[in-house]
Every structure is written in structure tokens, then in C-alpha cells.
Amino acid sequence: MQKSEFLYNNWYVAGFSGDLGKEPLGRKICGKSIVLFRDGAGKAAALEDRCIHRGMPLSRGGECAGGMIRCPYHGLEYNVAGLCTKIPGQDRIPAEARLKTYPLVERDALLWVWPGDAAKADPAQIVPYPYHVEAGWVWSRSHLHVAAGWQLLNDNLLDLSHLQYVHRKTIGGNPEEDARAKLASKRDGNRVHVSRWLLDMDAPPFHRAVCGFNGRIDRWQEIEFQPGVLRFYSGATEAGTGAYEGRREGGMHIRHFHAITPETATSTNYFFSLARNFNVGDADLTDKMHKMMVATFEEDRAILEPQQVNLSAEPGRDLTNIMTDIGTAHARRIIAELLAAEGGR
Amino acid sequence: MQKSEFLYNNWYVAGFSGDLGKEPLGRKICGKSIVLFRDGAGKAAALEDRCIHRGMPLSRGGECAGGMIRCPYHGLEYNVAGLCTKIPGQDRIPAEARLKTYPLVERDALLWVWPGDAAKADPAQIVPYPYHVEAGWVWSRSHLHVAAGWQLLNDNLLDLSHLQYVHRKTIGGNPEEDARAKLASKRDGNRVHVSRWLLDMDAPPFHRAVCGFNGRIDRWQEIEFQPGVLRFYSGATEAGTGAYEGRREGGMHIRHFHAITPETATSTNYFFSLARNFNVGDADLTDKMHKMMVATFEEDRAILEPQQVNLSAEPGRDLTNIMTDIGTAHARRIIAELLAAEGGR
Amino acid sequence: MQKSEFLYNNWYVAGFSGDLGKEPLGRKICGKSIVLFRDGAGKAAALEDRCIHRGMPLSRGGECAGGMIRCPYHGLEYNVAGLCTKIPGQDRIPAEARLKTYPLVERDALLWVWPGDAAKADPAQIVPYPYHVEAGWVWSRSHLHVAAGWQLLNDNLLDLSHLQYVHRKTIGGNPEEDARAKLASKRDGNRVHVSRWLLDMDAPPFHRAVCGFNGRIDRWQEIEFQPGVLRFYSGATEAGTGAYEGRREGGMHIRHFHAITPETATSTNYFFSLARNFNVGDADLTDKMHKMMVATFEEDRAILEPQQVNLSAEPGRDLTNIMTDIGTAHARRIIAELLAAEGGR
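Protein chains in written order, with my numbering: chain U, 1 to 345; chain H, 1 to 345; chain G, 1 to 345.
A few of these clues could be false.
Note that the list lumps identical chains together, so a pair holds whenever it fits in one copy or between two copies.
With a Cα cut of at most 27 angstroms, we get these calculated DSS-like pairs of lysine-lysine [as the list claims (entries may be wrong)]: (1) K32 with K43; (2) K86 with K182; (3) K182 with K169; (4) K86 with K169; (5) K86 with K28.
Hints are computed from structural coordinates only; laboratory data are not their basis.
All of these numbers come straight from a predicted model, not from anything done at the bench.
With these hints in hand, go ahead and build the complete structure from the sequences.
What follows is the structure, given as C-alpha cells:
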């Protein structure tokens, strides 16, 4: 490829805080191999995952000790600033013995990494996600490695008209009814807002299982997209109780977090959480919701991976937007603009 | 590669009629992804296997309903002419919303597809195969995906001197005896005829198991090749009863059908049937013959796949024809001429 | 790649004598597919593994009979000089019907093959290895296929400072102590000598298990490298008994043989033996040592394969030598000089 297809100057989620303990964690982001580890005080850092000596990935068996990460091969050690602090068998450590570091911010139980130009990394651009840390919420997390490019995952989440086809066994409703969804989208800088209202519909399996709905419901999905992350507010009340007009009392209210982190041009790490503030002490409910969430993921993967195979076979060929792609189209335009600004394609 | 190595303007078997039921069937032919499905009346059609919207392969979870095939992702529907007939969430369907169609003929329990220029597709060029449909015959079918180019499968079937080496446990005889085979081949337009007579030989395992031969036999193989399909008449009688002179009464008479359908440059879908008109009510015999047929296939695959690995390592390097390649040489010349006529290599 | 990365004009081990029985043995060396077989008198030969007829690898099911190797596909036969001696179904064998041969020397229970210019193959360049054949020694052998280039295996064996990190459960000692190793290396023509002494150290697991050491030991490793092969003399005595000064009586004395045979640019066949001349009748000890040797290999593989992945991602990027690389640096220079002399890179 002539131009990069990665948007490097962006914050991406490398994992959840809980994914990074005493062992280092290797993650490829935008084609760059990165190792995350914690120093003695628990502070997380991100370095290039390649020892200066023989190119060994530090994440493959490396150990953290004394605030350093140690190469599993010959024991070279590095601190969180990437400086080599020990070379076994020699006293002098050359000044150029250092690894590239990547800006890392740990916030809201998420590990955010910036694979691009460090001088441009502004933590203020990271979106807040209070539902992972505020009292009164319970959440579970999941991670899926998908053999499809990140754009396909963005598309998937921004055009929810796929629910009634792909997710019929989990969160999808009746196709004919769902096709009547009230859809709206607007672009706001480099963010996209999408709202989707489904009024007077049959409750899908998830809603029946989680909230005991057994009749008609009014249902909404509100999405905020920016490259790398989508925050969802989705919920439902009994049909005709005025949710669309603003009365969203009772019923089901869920916050989803979706981080879409490009790995290679055709693979993505997908991090997901699901938070609720009702029945927070009900561990069985948490477990049930988690399992349905993971099942829903797998339904998406069964679509995304064959889709990528088809697209990879004819890389230059156009796709056709339809009416439900209003959010998708905004997002693709934003990414195209940002890529062009970075000098990518 | 500069020039195509596929012969597009040709009828290929995409499957047996019985392979295509209510679910769509995806098949790559000459590098083209094609989906087969049946409309409400059972009529089969072949479309490009790529939804106009997001490039999703329709065959991966698509459904047939109301005569249409529906994309599994967002529910777009297409008719047998490739026209998009429904886009959920919008009323207007653009005129250009259509998929490429491929000529398809269903005949003799076979689904024939033409991946090339539709204007040149003449159903009269399809070879008849009555043994699948005429009364008095019983047959079984099989399908093997082989990681080797189609030319290697053609070679395999046209030079049967491999039987005594590859198929010693199934249909091969004694190497020294088999080397005395009376071999003849002639080209007839774009067809090749090969006949091979083995007189006064020990019966191979298949012949012993299927027909109870336990002594010496006279054996024949008559092949008609044209690109994409080989029709075999093979049989045997007790040695010295005059088969070679024209008296083929009694003994074993079998019709094989071999369809060689290029998938990629180095992979092939191989469809095979075996028909007989003796002991047609003997289901155990059908089963026994079927199992030996499949075992024979696997013996070929064990040859063809390593052969392809060797050839792929040195693509331009010549092979050497030997005497037993008379049929092979005709077939390779026909394919080369047809490829040149199409502008391929 | 513009230039070859293989050093063709070199003797490589294709296997142990015991690996080659009545069945032919296929081995790719420096990217060349080679088949080894024995004639009727047991003499081993190496031919190109590709039948002239249809390119079939002879090693994939070929048979040896009457001193010939027979193609598994159509039965063509070749003698140890590569001449085709039989083409079933025809009397005349063209003079050009022959396979390329490779110089092969069987010596010291090893099969040495020269993949380069046969005119330059001098058996006198093959290093002797008496421990495989002399009385008084017992040895076991192993073979590992590693998805990493041969240079990485050379590096691994020439910089033993990895032992205390990679092999902590087998042959590695305490990292802090081992870092005090006395290291020396010198180049001698196209050979490299490395010696490494570890004085007054805790005995590693292997030494405890094999020789009953349970306290402090003096330990040495003496290596002779030339491209394709490393011969090791390693041993240990109780600490302070004068080994370093020349008194190596008693204790543990082991000879290792390591053959590093390039397969492709990023894969290697690694042949290994371990010989001892103490307790030679103790079969349990032989078995125990063999198992620890194989476990040690697997520890190396867990390093080498991810290392290769990292290096392949950025092929042109430099590595950084450290003090412990003195032997490694000599070896890389020798290989670079020999490659340049051959016209490779």
C-alpha cells in the first residue's frame, strides 16, 4: 500500500485496567507491536515490544520486577520511560539503549494508548466513561479478536438495522417492525450522534430475559461515535408510556462501551462492556447479561469475517450506502478526513 | 500473473442438484464468488455472492424466502435476475441496485454454471449425462475440495497409468501387468477420447469386492474429456471371454462422472458420481462402492496436493510428457488453445 | 529479495543416519527440495525431490526397491546418480531424463548434504564427530523444526547468557551469578571458538538431576562453531576443585552436537545430540537426559519463533550487539563474508 490505512494520531483502548496485572501484555495497535506493563507503583506504561538486542518481543514471557520490564531472552531491563537500565554481563549502558514509548493514560478502568506522534497526544481528547467507576453501577467486560478491519466494526455498530437480521436470537426484533425505526444522525466535529427509536415493538429475547418484558415495548439506542470508541445508551419501557416524548422512567437502561482498536489492516481488537444501574446486586443477572452479550458478539463475528474476505478479494471496489447508513457515512467521512490530514489514504 | 489462467467461457459443475435445497450455496468458480439459490418454484439461479451494500457474501447465512435471496446482514433481497427487490428502511430502490448473474442450467441432476461472457453461453455445449436420470441406474455422489489446480486433476484422470501405483489398495492392479495396457487416444474438436484395455490381469481389490471377481479379468476404461468434465465407462469381464473383441456381456459395467471445477489457481472442487445398472436394489453394494470411491479420491488427494506444492515453488518450470500422456497432451493443448482464444495464457 | 540469503556452498546435516531407513526422506535445505534414499547396498544418495514427469515429490510415498527410488505417482524410477532407469509403459528412456544430484557424505552417523555447486564440495571440510561412533560413548538424538531463520539459532547457541533466563527450569543458573561468567571468543578462519566459565555457582536443575550435584559447582561450556554446525563440550565439577586451572577430573562431561540446517528464510531444521561417557549402561539416565534435552529445546523454540515474527515485521532494521555477543558477532561476520563471496547478501 502506498499510503497508510491507519489513523495513528488517535487514542485507542489497549485493554481494560483489569487485563494488566503483574505480567506484561502485548498488543498490536495500528500495526505497531506494543507491550504494556506496570511499574512497582502500579503505573502503566507502553513501550515498543521489541528488545534492542535481538528484537525479542518483551511481552512473550517477559517479567516485571523492581519497576522494570525484563526481556525473557537475555535479561535486558527497561523502565517505564523506555530506558534500558540493565544489560547483564556489562557495566556500561549506551545512551541510545532505549525503546520507543507510547503515550498511555489509564482512566475509567481503561488503558488508552496513542500510537501516533506523541507530541500531539492530548489526554483531554479521551472520552470519559463514568459507568465503569461511579458508584451504583455494575458492569462486565469482554474482548473479541476479529479477523476484519476496524471500519467494518464501526459500520456494524453505526447501522443497527442489522439487529433484526443478525441478532434475531439475542437483541434483534421483528424485521418488518424494526424497519419502521425512527433514525436520526448528526455530525458534531469529529463525533457522530445516532439515535434510533423503535416504538410499539415485540420485545426481543434479550429484553425478555433481562427485564421480564413480555409484551410490546418502546425501545431506543443512542450512540456517540468518535474514532476508536462508541458509547451506547440503550433501553426500553413498556410501549406507549411516553419514552419517546421524554418519560423514560422504569424499564431497562443499559450503557454499552465499544472500543474498536485496529490491529492490522484486516484485524481488530474489540473491547466491550455492558453496565447497568438496576438490580446491581443480582450476580445471576450480571452473568446472564454477560453471556448474552458474548453470544451477540459471536453473531457479529460470523458476519464480519466473511465480509472481510469478500472485500479483501476486490480492495478497490465501491460499496453502496443505503438510508440506514446515515451514521456510517458521517463516520467514514470523519475517518477519511483525519487520514488525509495525517497523510494517509 | 499477467494473463488469466482461468478458462471462463466454459460450463462448469457447481454442484449436484441435491446439494442445493432451501439454503443458498456459495461456490467460488474460476476465482469468482458465486451464490446459488432456488426461487419459489425451485428454479435455480446463480448470482455474484456479494451484497451491493456492504459486500457481504449472501451465501454465509442468507435465506431464501418468497423467491428471493436475502442478505444475512441488513436484509436486502434479490431475485433470480439479480435485481434488488427490497432495501429495509427505504422505499426507493435505485435501478443500479443489482447483482451480476451467471448463466445456470440444471440438467441431469447437475448444476452447470458459466462464469464467463454470458452472451457466449450455449446450453447445447453441456454434455448429457443420462445415467443420473434414466430408469435402471443407481448412483451415488461425492465432492472433494482439493488444494491443487484443475489441470493436475485433468492430468490425473487422463493418465490412468497411475492406478497401479496410487490405487494399489482400491482400483489399481499389478504394476508390471498394467504397464502392458493397450492405450489409445484421439482428439475430436475440443474433446479427447482415451481408451485403455488391460487384458488378462489380476482383479484389483475394488473388482473383487464389488463383483466377486477372484481370478484373471479383461478390463477397460473409456474416457471422454472436455474442459470441466470427464465421463468414464469402465468395466471388466472374465479374462478371455472376448470383451476386447466386442463381447462385453456380463461382468462389471460402471459409469463415472468427474467434474473438475477450478476454484482458485491452486484449488479445485471435484465432483464425482458412480453409476451402475446391475444389482440396483442392493443398498449394501451401493454403500460399499461409495466408500471405495471416496477412499480412492483420498489416495489421489495425497498425490495432488504435494505435487501442487512442488509446482508452485517453481511456476515456470517445464514438465516432461511420457508415452502414457497421450490423452493428457491432447487435453492440455485444447485448454491452451481455448485460453489463448480468450486472451488468457 | 534481490540476493540470496542462503549460503549454498556449505555442508549441512540433513538428518541422522538412523533417520534414513527403507523409506525415502524429504528435506528442504536452503529452499531446495531434496530427497534422500538408500540404494540396495545401503549407500545414501540425495536427489532433487521432483519427478521429471509431473513434478511429484518422490519423498511423498515413493518407495525404494532394487536400488532405485520409485515415484509414487506413475512409477518412474531413478538410481543414486539421478538417472531415470524406468518409465512404465515405454521402452526408450531419453538421455535427459535425470534428476539433479546433491553431494552426500554419511559420516559419524550423520547425513551431510551440500546444496551448492557440486564442484566445490570437499568432504574434508566436514567436521569430525567421534562421539557418535567411538566405543565408550552413549548418545541420544533429537530433531526440532523451528519457525525461525538459521541465524537466530546460531545466535542462540553462541550467546549462552540466555541460559539463566530461558532455561531456568533446565540448564540455567542464577541470573546474578551467571552474569559473572568468564567469557572468551576467538575467530579461527571460518570457525569461532567460545568458552564460558561459571565458577562457584548453584547447580541448575539438569546438573542436579543428571549428576547428583547438590551444592556449588564450577561449570564450563566450550563451543566450536562453523556454519551449519556447533560442537559443544560442557561440564561441571564441584566448586573449587580446580577445573578452571585444568583439573577437570570427575564431575559431569557432556558432548553436544547441534546442526543448524536452513530450510527456508524463516524456518530451520535443528538436529541435536547429547553424548556422555559416564554411566553408559544406565538406560534410565539416558532417558532422563534425553527428556531434559527436548524440554530445553522447547524453551528455545518459545523464544525463537516470536523473535522471528518481530524481525520479519521489520526486515531491514538493525539489532544491537552487547558484550555477551562476542561469539555471535564473529559468526555473523563469517557468514556475511561467505555469503558475499557466493554473491549472496
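Hints, verified against the model:
1. K32 with K43: Only inside one copy: K32 and K43 sit 22 angstroms apart there, 51 angstroms across copies, limit 27 angstroms.
2. K86 with K182: between (61 angstroms within a copy, 18 angstroms between copies)
3. K182 with K169: within (22 angstroms within a copy, 63 angstroms between copies)
4. K86 with K169: Between. Shortest inter-copy distance 23 angstroms satisfies the 27 angstroms Cα cut-off; intra-copy 55 angstroms does not.
5. K86 with K28: Within one copy only: 26 angstroms inside, 40 angstroms across.
In this structure, none of the earlier numbered hints is contradicted; all agree with it.
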